[in-house]
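Fit chain W to the given chain B structure using the hints.
If you're matching them up, the sequences are chains B and W in order.
Per this note's numbering, residue 78 is the first one in the first sequence, and the count goes up by one each step.
Per this note's numbering, residue 1255 is the first one in the second sequence, and the count goes up by one each step.
If you're looking for bench data, these hints aren't it; they were derived computationally from the structure.
Watch out, some of these pointers could steer you wrong.
[What the hints assert, rightly or not] Under 10 Å between C-beta atoms, here's a sample of chain W residues computed to sit facing chain B:
1. D1350
2. A1387
3. Q1399
4. F1400
5. L1453
[What the hints assert, rightly or not] Pair ranges (Cβ atoms, derived):
6. R357(B) / H1586(W): 56 to 64 Å
7. R263(B) / R1457(W): 14 to 22 Å
8. N110(B) / H1468(W): 20 to 28 Å
9. S1294(W) / G262(B): 27 to 35 Å
10. F1406(W) / P205(B): 38 to 46 Å
11. R263(B) / D1551(W): 36 to 44 Å
12. L1297(W) / V352(B): 24 to 32 Å
13. Y192(B) / P1428(W): 42 to 50 Å
[To be verified] Some chain W residues near chain B, calculated using beta-carbon distances under 7 Å:
14. I1361
15. A1362
16. Y1385
17. A1389
18. V1526
19. Y1562
20. M1570
Glycine is no exception: its CB is placed at the ideal position from the N, C-alpha and C atoms.
So the chains spell out like this:
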Amino acid sequence: MESFLQQVVSGLATGGIYAALALALVMIYHSTNHLNFAQGEMAMFSTYISWSLINAGVPYWIAFFATLVIAFAGGVVIERLIIRWVEDAPVLTVVIVFIGLLMIFNSVAGWIYSYDIKVFPSPFPDQPIQIGTLYLGPHDVGAIAVTLIVLAILFLFFRYTSLGLAMRAAAENPESSRLVGIRVGRMLGMGWGLAALIGAVAGMMVAPIVFLDPNMMAGILIYAFAGAMFGGISSPGGAVFGGFFLGVTENLAGSYIPFIGNELKLSVALVIIVVVLLVRPSGIFGKVTVSRV
Amino acid sequence: MVTSTVTPKTIKSPAARTAWLNGRYPRVAAMAVVLVVAASLPLVMSDYRLFQFTLAYIYAIALLGLNLLIGYNGQFSLGHGAFFAIGAYTTAIMIDRWDIGYGWTIIAAGAICLVVGFLFGIPALRIEGMYLALATLALALATPQFLKYHLFEGWTGGVQGIVIDKPEAPFGLPLNPDQWLYFFTLAILLLAFVLGWNLVRGRTGRALVAIRDHRIAAQSMGINTALYKSLIFGVSALYTGVAGALSAIVIQFVAPDSFTLFLSIFFVVGIVVGGLGSITGAIYGGFFIQFVPNIADAISQAAPWAIYGIFLIVFMLVMPLGIAGFLAILWHRLIMGRLASDGNEGHPTET
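Bound conformation, chain B alone (with noise of 0.2 Å):
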């Protein structure tokens, strides 16, 4: 029983992780109305100039807010420079964008910082947290925590203030918006500018659990992905859930179903989801699209 609670917090653990992007993804399609692919490779280059800040002998919550800002400026200028050009075209050229987006990050990446992994520090102390028989890992707790905190920040920034309301109906509906008096473009600008700052945080606090370098995104990105499907697109806590039982459906099948063990668990946690997926379209907490025929 004991070892089964510890799986399951360790599950938990990396589920943590997956939630939060996947939090992320759901909060950057409410201010932009895409998927963005290059979420995870725009966050992974925004936690190498913050591990360049901090080599460079800047304290850690300065390094970590100056970050911030540059992130959300290169959010906003990707937006103005490229994005806006193909806004009219269909889905997939889009997304082809958006690959092409993420290859240049990742390639970039490589060629300034090399492909060694780096370690970034965690500004969390180093003591495991004890309760009862379980340990948890001070860093998990802190980095759970920090994102959380910024996502709710932005829950409320999107729920309550116009600004927000702004950006949500520029997104959604973007004739109507400049019809009355919304500046679209400028709010499309600002929302890929809040999906790098959330992205950035999300790296700063992934990397020091899965260490820093080029490819550490590619990964999580696909789980946050499954994790924010699995909840539906639509719903935040949803997302929040999904990422959460992915990680502790992927510890546990991978360590209690034996013919499965370390090679098979990811294809377990991705076959549980589309077998939810059949029976639930739109994900387990999602609106069900109603079209007009």
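Coordinates of chain W only, in the frame set by chain B:
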């Protein structure tokens, strides 16, 4: 589309000329020229170049299948690398274990993929758009894991994969193996092309496009959407499986790490860059996936994928409808230009 049956000599009015230019004959002529050029390439090219062209044709076959699914039917798949892998492994295992002739293994690979694709297409009916992308993504991710799985190692060779021999040219043809495989692949590509063309131009094609554009309207007009959607999934998997089988024969090697998620992503890149919902687009796409990475590598050794990414973005900004869409617009402008320049007396209303 107007398909005129008049011959060039009898064309009188500019409108008729436009109709003729838009019709079947220029296309057939262009295809004939392309075929003659393709068939004479082995005379002038090195074996390695030929090998690269053969691979481009193989990708074109796979892209043709994927385009039937995504471009014509609107079902998004990020998992066609899995069918490519199934085709490749079917061929490799049949040749390696049972010593079966490679021609038969291609047919078997196609048949297996048709069935697997059809079966996968049935549950896929329930889910759409990004959710379908996720389900197929899971397929692509799970493929290398299953191929490496220790219980299947007796068949798949595990991480090491399977090495097979390159076939010699049959009937005593004076061709070396590379040249023979080039012609062999070209012939299959041609067959795939003609079949695909017929499929989309007929009743089936119209049904597929109707489902893509408005599923409910198509259904209420009496189209069996469930049957067509799962059937096209199977056909698309068949094309991709045949391409996978050919790739195993040409490369002489299969291993799990050749069939990662990136393969599936490159397929999607290929059809979008080539042109969604266009049969010829598959060929441009095949050449794009085969050669652009090499070009990017030649430009910058340090960050080749950055160059590749820039290529992708520039392509999409300049030609949002892909190469085929771009060429169609260009051709249309050309015809319209001719019509405007020599059509003045034919259209007195324009004065």
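These are the hints, each one checked on the structure:
no. : hint                           : verdict
1   : D1350                          : 23 Å, violated
2   : A1387                          : 9 Å, holds
3   : Q1399                          : 5 Å, holds
4   : F1400                          : 7 Å, holds
5   : L1453                          : 21 Å, violated
6   : R357(B) / H1586(W): 56 to 64 Å : 45 Å, violated
7   : R263(B) / R1457(W): 14 to 22 Å : 49 Å, violated
8   : N110(B) / H1468(W): 20 to 28 Å : 21 Å, holds
9   : S1294(W) / G262(B): 27 to 35 Å : 52 Å, violated
10  : F1406(W) / P205(B): 38 to 46 Å : 39 Å, holds
11  : R263(B) / D1551(W): 36 to 44 Å : 39 Å, holds
12  : L1297(W) / V352(B): 24 to 32 Å : 55 Å, violated
13  : Y192(B) / P1428(W): 42 to 50 Å : 48 Å, holds
14  : I1361                          : 29 Å, violated
15  : A1362                          : 25 Å, violated
16  : Y1385                          : 6 Å, holds
17  : A1389                          : 5 Å, holds
18  : V1526                          : 5 Å, holds
19  : Y1562                          : 6 Å, holds
20  : M1570                          : 5 Å, holds
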